[in-house]
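Novice: Dock the two chains into a complex; use the hints.
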Amino acid sequence: MARVVVDVMLKPEILDPQGQAVQRALPRLGFAGIADVRQGKRFELEVEGPVDDAALARIHEMAETFLANTVIEDFTVKVESTETAGASS
Amino acid sequence: MLPSSGGRPPYPRAFDTVKHASETPDSEQPWKELGLKEDEYARIREILGRRPTGAELAMYSVMWSEHCSYKSSKVHLKQFGEKVPANDAMLVGIGENAGVVDVGQGYAVTFKVESHNHPSYIEPYQGAATGVGGIVRDILAMGARPVAVVDPLRFGAADHPDTKRVLPGVVAGIGGYGNCLGLPNIGGEVVFDSCYQGNPLVNAGCIGVMKHEDIHLAKASGAGNKVILYGARTGGDGIGGVSVLASETFDAEGNSASGTGKPAKRPAVQVGDPFQEKLLIECTLEIFAEKLVAGIQDLGGAGLSCATSELASAGSGGMRVDLDLVHLRDATLSPEEILMSESQERMCAIVEPDKVDRFLEICEKWDVIATVIGEVTEGERLEIFWHGEQIVDVPPRTVAHEGPVYQRPFARPEWQDALQADDAGKLPRPQNGEELKDQVLKLVSSPNQASKSWITDQYDRFVQGNTVLAQPEDAGMVRIDEETNLGVAMATDGNGRYAKLDPYAGAQLALAESYRNVAASGAKPLAISNCLNFGSPEDPDVMWQFAEATRGLADGCFQLGTPVTGGNVSLYNQTGDVAIHPTPVVAVLGVIDDVNRRTPIAFAEEGQLLYLLGDTKEEFGGSAWSEVIHQHLGGLPPAVDLDREKLLGEILISASRDGMIDAAHDLSDGGLVQAVVESCLRGGKGARLVVPEGLDAFTFLFSESAGRAVVAVPRSEELRFTDMCGARGLPATRIGVVDGDAVDVQGEFALSLEELRTAHEATIPGLLA
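Protein chains in written order, with this note's numbering: chain A, 658 to 746; chain B, 263 to 1031.
These are calculated hints, taken from the structure and not from any lab test. As the structure is a computational prediction, the values presented were derived from the model and not from experiment. What you were told as hints is all true, and nothing was included just to trick you.
Label-pair distances were calculated between CB atoms; the ranges are:
(1) Thr633(B) with Val694(A): 16 to 24 Å
(2) Asp288(B) with Ala682(A): 48 to 56 Å
(3) Gly727(B) with Pro684(A): 35 to 43 Å
(4) Gln696(A) with Gly946(B): 44 to 52 Å
Note that beta-carbon positions come from the ideal geometry of N, C-alpha and C, so glycine has one too.
Okay, chain B solo, but in the shape it has when bound (with noise of 0.2 Å):
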């Protein structure tokens, strides 16, 4: 009793039901090829006390996926709420479908970042545009309306053949998924490294702007609500996308690795609709504006189980639904593909039954297809039936928040000692102004540090006409009061070598970096995002790293006052046994009272005076110095320092208020170097430097030292700018002045901006257009 379409998982025709599983129990069930163990198939029947429906165990195997349920990293994700700084901007935290932060004038921001890697890797055009789509729902069901995205990105090694084929697609879905819905893209990252070939990162930010009194949570309460699904119609498309594609790990060919070793299935692939998606905007708002919904819920990875299980088990009540009821794209599917279908553009809202025609006619008007399919009933227990018969009883707490949970062993690898002892500083250093000069022209032409406008002009960044910041800039701001001039700023950033060498230190420094760049922006840091991307978490070297990376996350964030809102974990990112960098991803979210006030990074006027602020030490390890001109990987990631993160960030924001700096930009990968070359590109001016004493030209020039940032000063500040650093302990030294056409280092060599603009700007598009 085979379906008739050879793509589908092998279900019964003839539908099972609860009653008819409480007959069979010894029948086979395919637990296996859905995804789940051994013992996580007894523990379900353990809960319902027989053996679960082919609809039960549907649900159970998507929602107890590594994507859904966390399985491995809630025990270590649990610090992310436990050492929580004292933060009053808080609104909503960890939980929801994303947090809320308190921006000020009345208004609450909502952000977060996800990551569609693995949809990615297979179908690069979909699975990035509905990585979009999937975040720009979460961010609405919280109540907001989508302001702009952002989209940190990772792929293998630039020249390879295969990058030729994922970057363009990835690139083309963002654009055209983002651009459709009318978002300007502000703002994320592009870094190729071999270890993310057959395993690129695809994470997508989205940032939602409210009024405090319109957030809306993911619950379903009070009894006799209706449930309603509305938006696209259901259709066969991603089932089993989070239990299949997102938890496993894949070999060599890109097939999954369980199972029976024969090529997987990919039913997995996703095609998504951003014109649809916009109606679902636009209809959503017009709900909450007329405080139609009691509970909201997007649909993404798991579909019907995860939307109509999470409602349930937050609200009060039990809820029964009707799966006719729901609207299909093909009238041929099973029960259990229903409820496991990841069709994009659907949400799923609870109204009050007098509220419910209203609801309707708001999705009549926006051509959004909207049905009843159930309601919120007294009891405790999640039902679901399929012509006239019960195919579902379960306790929904069971299925959304009570799944299993694994303390995976994990231990320090036992190359970690023999990668740090391979000290960077030891690598042959540039000899002379010829040899510096040479240096420089590599890093900044080198695929990691060069110009990345090829890709992010294929992105709208300025639709909507409220983006102020963008790409190359350290942050994307936006504002959000015309009035006002009220902004947020946002920035995200990851380091997978600095995380690779010490992967505590290295969530620290892509949380510092991060922090930094909103800072240098002139926002205030208020809390962060972060998207988790490690491998496979059976393997204890990598279990490690990721318990690292989280306590150095959770350690970092207390300590800079900056709580974590919510985020999302990315595991089994690997091919065959070699998994990718650790690469925790961090996105801080900032105010600015006056969008006006903000710092660009563009060196403009002649004759304003650089600073540079922080400390500069040798530290190599991990540097793209190290990488370009050395290939090398090894040693110690520049040391953290956070409580002088904060007060460089103090100063930044003080400065920018107060209108002591023109432009700001922080130090990170490249060193000063490669920030000031940006500096000067972006504004069209030179600049001559000198090096400070107690500094060699190339430590000066490409160390990656942490806690740093250079600033130009115009002359008349001078004086209140590094009295304002002197008092408050912060080291500023002056290192040069923005003059003429070249960035000319006094006594070591000189490079004109055309020279400069050629190397920065060529690189990506000859190897990618």
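The shape of chain A in the complex, shown without the other chains (with noise of 0.2 Å):
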């Protein structure tokens, strides 16, 4: 099986209260030097049989219906191993 990442993001524009809210927490727990957070969702998913087109072209189905509302978020598909999922950690 392969792994396939989806990261989402919001779109530059949108307000991201949650980023907001942990760039507030930063300094008072004494990290400084952060000027800007964002917070994403990263979505991993486990592929049966193999990652061709056709498999990339569903997730890319999937992540633009249901895992990312693309009304306010962006998302990028990407492989990340082609080896058995589990392997590398």
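Specialist: Structure below.
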């Protein structure tokens, strides 16, 4: 099985209240020097069968219709490993 | 010279100044892309005596949008200011952020309903959430503490797949934002009709309470006073929301119909942060308490363009603003974008110079960013600077109030006569008890008549501990003084089916129902707000509906003695050429001296007598029965008799105050049987009903004649109650008794409460959960 990762981030112009809350907390916890924080979501998909164009197209569609809300979010799809999942960790 | 970010309108990076505009009168400008018409652009050039700068064009385009300028509706809305009934409760009328009414004991209440229809279709959760945020800031800007919200909602067919996308998102957004703010959601409506399929209606209302002396107005006066922008930082969200999103028709794919035909860019979605809003509320109330502001305005649609131009034009002088001082979330924003941004959770205050330090201190305490961005000037111009250069130099009134006004052509639709001639009275009726029973079950389990608790349970109704009535009661009610138990009630109603059949009567029926709901709870109706949802004003049929509905509402308010304190118009609610049903939603606010005297809907005491108040006629046009059983819409809506509504209201309020009734439920869509079933289920007790003489069982159960209510009277009060009705001339017919565990219509059928509860409560979760 192969792992495909879908990263979902709020579009740059969209307010990210969670990211802002993290950013506000950082200096209170003694972490200086961070100008901005944006928080996103990462989906790790273990794909059955080969990760060919058809499979990627399906994942793309999945991301577009379900994993990401494309009205306010962008996403990227990348193939992380074609090895058996779990072997690397 | 296009900006690098693909999602934004094409503004030149090298910014446009007043000087540059004078030197280059013939530069092409994107007025069309910004939603302006050719003659409007020409008018701006005429006002300024030159071409507008990019920033000026941005401001005019958003402020002259339908959403902000009311350019198509203004000529009709005038009536609300002209047909004002004598009513000494009115403290602040139309034109401010929200109207204010006196509720006694030194308290004033401000309330308003607004639409967030288009954003909620595109992004249901955030659209609905920011709708709540926006109306709460409107109320806050009047000086009041927000105490409750209500949400009248309309969606497409309940079983349509897209409803399953839109409704849960909208409901979660309202709940998410409102619950985080700690505001109880005490009322509203949920209606399904396929006419709202591509265009759901998400209206949001808010009630705020203050003392009389705390009323604040949106004006900037006193030269030298500082302009302070505070709240969230300004980002690139919601740019052009009012002009591109809320003021145009979407085609079937949801794309903007004007412009080039390519898919509309959708930068207009905003994401709200309710915790930031909560800080803004507490911070602002502390600032009010220390009397630090001379004028205040919330930032909603059209953002800073709206706030600066409205504040300046309501004041005495001009205003000078330095845009470089605005705190940005995105440093690459152009001045045009900063002026048009609809970033949420922001307010703008006018503060005397010696109070600025204290103002900023309070903001700091609440972790709210605040910046002095300019000052009130002696002049009469609104001047805005960017990098030291002047980019805006306009008379503020021309932006805020002297926009275009259209006398849109309107005409009675050709199909109106045929629709009204298609009488619902001719539809086949149930012939026996068995058929009646079957249709009652169908009615109470139909999506529109079914219990909405699956939806309203997602809202916090009792937070703050002052809610005394909430859904599914006729009206929401909150206590506003814990010593005296003074309270206010609000109901919102609208019936697009009635309004489609006759917009004049439909608007009055919405008013009458809302008025009746408030009176049934025991509160005295004082004033109204409205949210007028219609199709495209460029369609003469729609414009006729709008003209008729506003005329009906203004006449009705005059007759009932409840002035319009303000409201909101939402046009272009249509998909392609098909407009929604005309949907005027009316919110009536009432006051009750002691909330312990309220009247609930529940039939809770066995042996109490049920009385039907008012006259029942054969009126089925637009009825729930005609919809559920025959999928029919035609004929005339029920006749309106506002004098009767007033009398019924007085009786309900007196009976509540003097303890003559223990329950009351207004009769509206679904008729008597719907009301009785709801009251029985609410109280967990059955009812034995007898069809009164002169009525057939079908008309008795299903007619939707207006001006009626059903009440439960303790036996000891029967004589006193019927004497009062007799003396005042209100028909009161004894129709049965609270008894048993079934709704038993004698000689016709009986339905156990268990069967009714399953039918009534399973529908909505079945469709949506």
